[in-house]
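A.B. asks: Protein chains in written order, with the working numbering: chain Y, 1 to 260; chain H, 1 to 293; chain R, 1 to 316.
The set of hints was computed from the structure by calculation and includes no laboratory data.
Please read these numbers as outputs of a predicted model, since none were measured by experiment.
Idealized CB from N, CA, C, for every residue including glycine.
Some clues are possibly wrong.
[What the hints assert, rightly or not] Computed beta-carbon distance windows for the label pairs:
1) H:L246 / R:Q165: 14 to 22 angstroms
2) H:A97 / R:G75: 32 to 40 angstroms
3) H:L246 / R:I300: 49 to 57 angstroms
[What the hints assert, rightly or not] Footprint (simulated), chain R over chain H, 3 or more residues, beta carbon under 8 angstroms:
4) 107–121
5) 128–141
6) 215–223
7) 237–246
8) 255–267
[Said to hold, decoys possible] If you want the footprint, here are the derived chain R segments under chain Y, 3+ residues with CB under 8 angstroms:
9) 100–113
10) 230–238
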Amino acid sequence: MSLEVTDLVVDLDGRRVVDGVSFAVPDGARVGLIGESGSGKSVTALAILGLLPEGADVSGSIRWDGVELVGRHDRDLAALRGEQIGIVFQEPQTALNPLRTVGRQIAEPLRIHARARRRDALARAQADADRVRLPEGALRRYPHQLSGGQRQRVAIAMAIAARPRLLIADEPTTALDVTIQAEILALLGELIDDDGMSLLFITHDLAVLSQVATDAVVLEHGRVVEAAPVSILLTAPASEVTRGLLRDATATLWRPEASS
Amino acid sequence: MTDRAGWLRRLWSLPTGRFGLVVVAVIGVLAAVSLVWTPFDPQRVDIPARWAPPGWPHILGTDASGRDILSLLLAGARTTVLVAAGAGAVATLLGLALACLGALTGRWLREVVAVLVDILIAFPVLLIAMMISAVWGGSLWVVVISVGIGFGVNIARVTRPELRRTLHSDFVLAARASGLTPVQIATRHLLPNVAPVFIVQLSWGMAVAVLAEAGLSYLGFGAPPTQPSWGLLLSELQNYLTAYPLSVVWPGLAITITVLGLNMLGDGLREATDPTLARRRSAASTHTPAVVA
Amino acid sequence: MTRYALTRLGLLLLGLVVASVLIFLTLRVLPGDVAQQIAGTNSTPEQVAAIRERLGLNVPLPVQYAEWVGGLLTGDLGASLVTGTPVVAELAAKAQVTIPLGLMSMAVALLIALPFGILAALRRGRADGTFLSFGAQTLAAVPVVWAGMMLVVVFAVWLGWLPAQGFPRDGWREPGRAFASLVLPAVTIGVVEGAMLMRFVRSATLAAMGQDFVRTAAAKGLTRRAALLRHGLPTVGLSIISVLGLQVAGIVVGAVVIEQLFTLPGIGRMLVADVGLRDLPKVQGELLALTAVVLVVGFIVDLVHRGLDPRQREVS
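The task is simple: from the sequences and hints, build the whole structure.
C.D. replies: Listed below in structure tokens is the structure:
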């Protein structure tokens, strides 16, 4: 179960946002997509899932398990979403439906893909809620009653509820407090290991990336400027962009030990 | 801040703005022209020529008394313009007064005014008009005043938050600190910030005024029989609806086009003066035009 | 929630009081000399004085107001100056026309606004979407009276399917005919109000389409359309509820005019007649009744809106 993106081009409202991007996420790999804001990273993720806004033009190739996704009908892509490929978005404040309880929202992927009955789905949702370490009784609450960190846990639970093979995380910690960031990253790492998922992690922060990804693709203005293992990016960055990202990186930089 | 001269150009570039401006201009010109010339005297009765179909010399035909419909429409435009302008003026005065009261005074009075305004909003314009008609008899003044009150209150409700926001903004605080007089502050800071919201509401309000005049004149509480009015014409032609059904098309179309033009002008103004909306056409902001007669 | 409900109730009562005062003042104070106007120019001073007595104008104003309000609380809205019949009885009789008319109009308006508004949002930028949007704007600009006339011309005069005027004398004891008399009036009001509401529905749907949580729903495996319908529409429904109050006011106003056009013996037509007759006590009562309806509906709608939105309910 691998993802292969080849020469992806995305135009939004006439503007070219992604300009010939190629990379792959092999089965079980943890790949990072890094770049400044506006480099086209989120758009790439949305393109993979067919979630771009109206008026977007996509060309090139996106292959999941050898099957071409570009140009596919939304129905087919919807079957993939959540079940094969899950995604966690950046903004926990707006990612959840304010009118539904958390439990219902976590249970939803199972009800969609496995046609689970309500009671079974809710039971599984409770198990998922425990895995992401949500507090007692969270399932009965509404999103506005939870903190930002808790909402993001809900988002993660929803993304993995149907046990997808690939998890895309689009800046999942950017909108969170620094103290919570580490917890969420650790949680993500744990879940990925436990379920044997592949990870595509999108961020602008090299420090965060170094904690979750082994390989990374660096984007600038919609193009790939460098692709290498993270350890190389940290120690011997080849492009100016990467050097700039290194400078901007915050807090603890995880430098691998000298042994490779 | 938005480039002031630019907004007119932007307005013209929008289909809504262009349509609105053209319609308003045409109606205004027709009304003005009717003051000095109409094809026939609108009140001229010509029984032999009654119910003439559209053609020559009566381009839109004649009514039951042989009056030329086109001339009646032109003269009616005058009434429409007068009512819209009059109601606009009343609404402006009332609205700004209430808004200032609400924004400038102390806490207690402000709350009272806010509650009062919210209550008055629920009072439909038509009911106000009928209330006033019950005592003073129907007349165009009744229409002007009641519509003016009705949408003046709406203007107050919409401009008050803008006014307050601007009053407490950094610009104004700095201006006050640097010793500008209240008048200078008002003209240089308050007016430009409140003006966009205000003229949008004014446009929509005038659309309501036109519909209200039509409705009230139809009911007999607006224009007196001697005053040409589109609404009155509708009421007169109604009596012959079964025999001459298409005669009502003309005054109805006139009202519809005018109201449509004013509404579009308001929409266009909103887009032209709001920088965030300018980026995305037909944006998802809620437009609640005032209740209509 | 209860605290909010009580506050709103308080505001409702306050609104009713203010409305009653305004109506009272306008009808008692403004006239100058109502009695003189009613009596006419050729009347004798004795006739005028008699009318003043009948109107109860010789008592100080606050007392007059108190008398009126006192009557209101016991269900007595006064009596007609012309016929002497109690206002409440008249209102009840006419309500059998106006209330069904109002409900049918609202139904028509919703039936038009919801599907077409959503469709217009989904097809934004495309030819049919723009056509729908423009159509709605045009219909919303049409004077309700004229719309009624045109519908009468088509359906009553040309096609003869429905009556052009009137309401059966036996009222609802002939339900078929009664209903048929209300169809064209209700459709008229409903179409114009519906057009206005449709523009709102379109905006609200566009807003819903852009919501992040709709995208999240699609990311879980729903098609984008299903995500919008299942997750976005409830928010649209919620915001519609908040404007229903305005719609009711519009329907009340529309009813007054439409009842005149279709000669329906409803409250609106009665009001118009009474205003013409200067039957002030009746007008007072009728106006208060209509205003009360608008205010009460607004109150109910407000509470329902709050009740349905979990964000606004008090956390238990």
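A.B. asks: Taking each numbered hint in turn, which are not upheld by the structure, reported in ascending numerical order?
C.D. replies: Of the numbered hints, 3, 9 do not hold.
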